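Asker: In case you want the letters, here they are:
Protein chains: 2
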Amino acid sequence: MQRYFLNKENQIQKEDLHHIIKVMRMKTDDQIEICDSVGQCFLVRLNIDSNTVSYETIASLPEPKKRHYITLIQGLGKGDKNEFVIKYATEFGVDEIIFVEMKRSISKMDETTFIKKRERYLKIAEESARLSHRNSVPEITFLPNLKYLKRTFDHAFVAYENDRNTTLLDKIELVETSDKVAFLVGPEGGIDESEMALLKENNFISIGLGTRILQTEVACLYGLSVIDAVIERKSS
Amino acid sequence: MQRYFLNKENQIQKEDLHHIIKVMRMKTDDQIEICDSVGQCFLVRLNIDSNTVSYETIASLPEPKKRHYITLIQGLGKGDKNEFVIKYATEFGVDEIIFVEMKRSISKMDETTFIKKRERYLKIAEESARLSHRNSVPEITFLPNLKYLKRTFDHAFVAYENDRNTTLLDKIELVETSDKVAFLVGPEGGIDESEMALLKENNFISIGLGTRILQTEVACLYGLSVIDAVIERKSS
Chain A
8 MQRYFLNKEN QIQKEDLHHI IKVMRMKTDD QIEICDSVGQ CFLVRLNIDS NTVSYETIAS
68 LPEPKKRHYI TLIQGLGKGD KNEFVIKYAT EFGVDEIIFV EMKRSISKMD ETTFIKKRER
128 YLKIAEESAR LSHRNSVPEI TFLPNLKYLK RTFDHAFVAY ENDRNTTLLD KIELVETSDK
188 VAFLVGPEGG IDESEMALLK ENNFISIGLG TRILQTEVAC LYGLSVIDAV IERKSS
Chain B
8 MQRYFLNKEN QIQKEDLHHI IKVMRMKTDD QIEICDSVGQ CFLVRLNIDS NTVSYETIAS
68 LPEPKKRHYI TLIQGLGKGD KNEFVIKYAT EFGVDEIIFV EMKRSISKMD ETTFIKKRER
128 YLKIAEESAR LSHRNSVPEI TFLPNLKYLK RTFDHAFVAY ENDRNTTLLD KIELVETSDK
188 VAFLVGPEGG IDESEMALLK ENNFISIGLG TRILQTEVAC LYGLSVIDAV IERKSS
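Read top to bottom, the protein sequences are chains A and B.
Following our numbering, the numbering of the first sequence begins with 8 at its first residue and continues without gaps.
Following our numbering, the numbering of the second sequence begins with 8 at its first residue and continues without gaps.
Simulated from the structure, these hints should not be mistaken for laboratory data.
Check each hint, because a few of them may be wrong.
Copies of one chain are not kept apart here, so a pair can be met inside one copy or by any two copies together.
Said to hold, decoys possible - Mimicking SDA-like on lysine to any residue, the simulated pairs with C-alpha atoms at most 25 Å apart in a straight line are: (1) 110 - 120; (2) 115 - 41; (3) 187 - 45; (4) 85 - 134; (5) 15 - 47; (6) 123 - 38; (7) 241 - 220.
Predicted model, so just to flag it, every value in this text is computed and none were measured.
Based on the provided sequences and hints, a complete structural model is requested.
Answerer: See the structure below:
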């Protein structure tokens, strides 16, 4: 079943109209799922008249259980790594991605460049949310420096060398079903010591992601998987 | 520290000689790590004389604890998805990948095509093993049909809809440190019912990977992460 996200005015988006009519070649009475701007999804029956699409609601789809809220704080990567992170972290259930230019980020970005890229980034997230049957599209923002991160979280983790006192699973099992969780991954060059000091001041706990070295674009997927599996058990 | 894998004759590979001399521009007395064909790694000091490289061993690197052995059985994907799987599953610690042409695989492959591609696949795995500081490169093989899978495993999982009786974490916690584990992921089109029946006959247990639908090329990373986190705790 195809799923589409309505725009902020709760209308089918222009590109999706094209997708429904020209790509999927749907006809009147075909059914799709639509999700509104607050994450409520519906099964609807289409009514297609040349290039206009209207629909009538057949049923509300069950709202997913309210679970933990995960903010990925991702050190800015080079090339298409940021897009890779958006695509797959969305599939793995992230609720929000904050890209941060960190001391060892090879790529640089500023607010103006980010604003230009943001629309494309949100489209990638939306497509990924659609394919993975999520009810909502993650928010994507940018910080030019880690010191501007002024938020508080119930748990804040930073992917760093393992301290070997407790394991990742022990730490992640402290996360409760409705907690706000931050998970920070450094850029290709790693995290500068001054940044680690700042993170520790802000109660970030370092966690190791197994015995291998993971590349920056996939490190978050390890953390998101383990958090998801822990929460799945807690909420079952 | 750069890490290189010796060939089966325990010599530095030709491409690595080029990498050491021309790309990294290393000099006599520079140090690298080398891993032999049985996965033992050494810190060595280089001796470079124009285009020949020899080395003397400074120290044996600690052997990693013998852990579980994970075989990923991956439904053949289209385009560059197979290479994506090799690259990232290697980083996430897989020991062996068996590509299988399944009923709903869109791409087709035969033994001859696979043999042609295998060298390239192993190079991708080796590069990924090098970057993630693994001691060994995973084996990569191909089966033209699932019915030829005649191996036995201590635990065999297939990514499928969640049966909701037990959670993924409960099932994976049954894996012990030295177990042989198989993890099967279907192709884009999913797993045919006849294949699921065959898998169940062969004691494969279906597991759900969270509440979202993961694309075939990243589904294994969810499973590998959770298995790794569970084993990390058991062996700590």
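Asker: Of all the hints given earlier, name the ones this structure violates by number, lowest first.
Answerer: Of the numbered hints, 2 and 6 do not hold.
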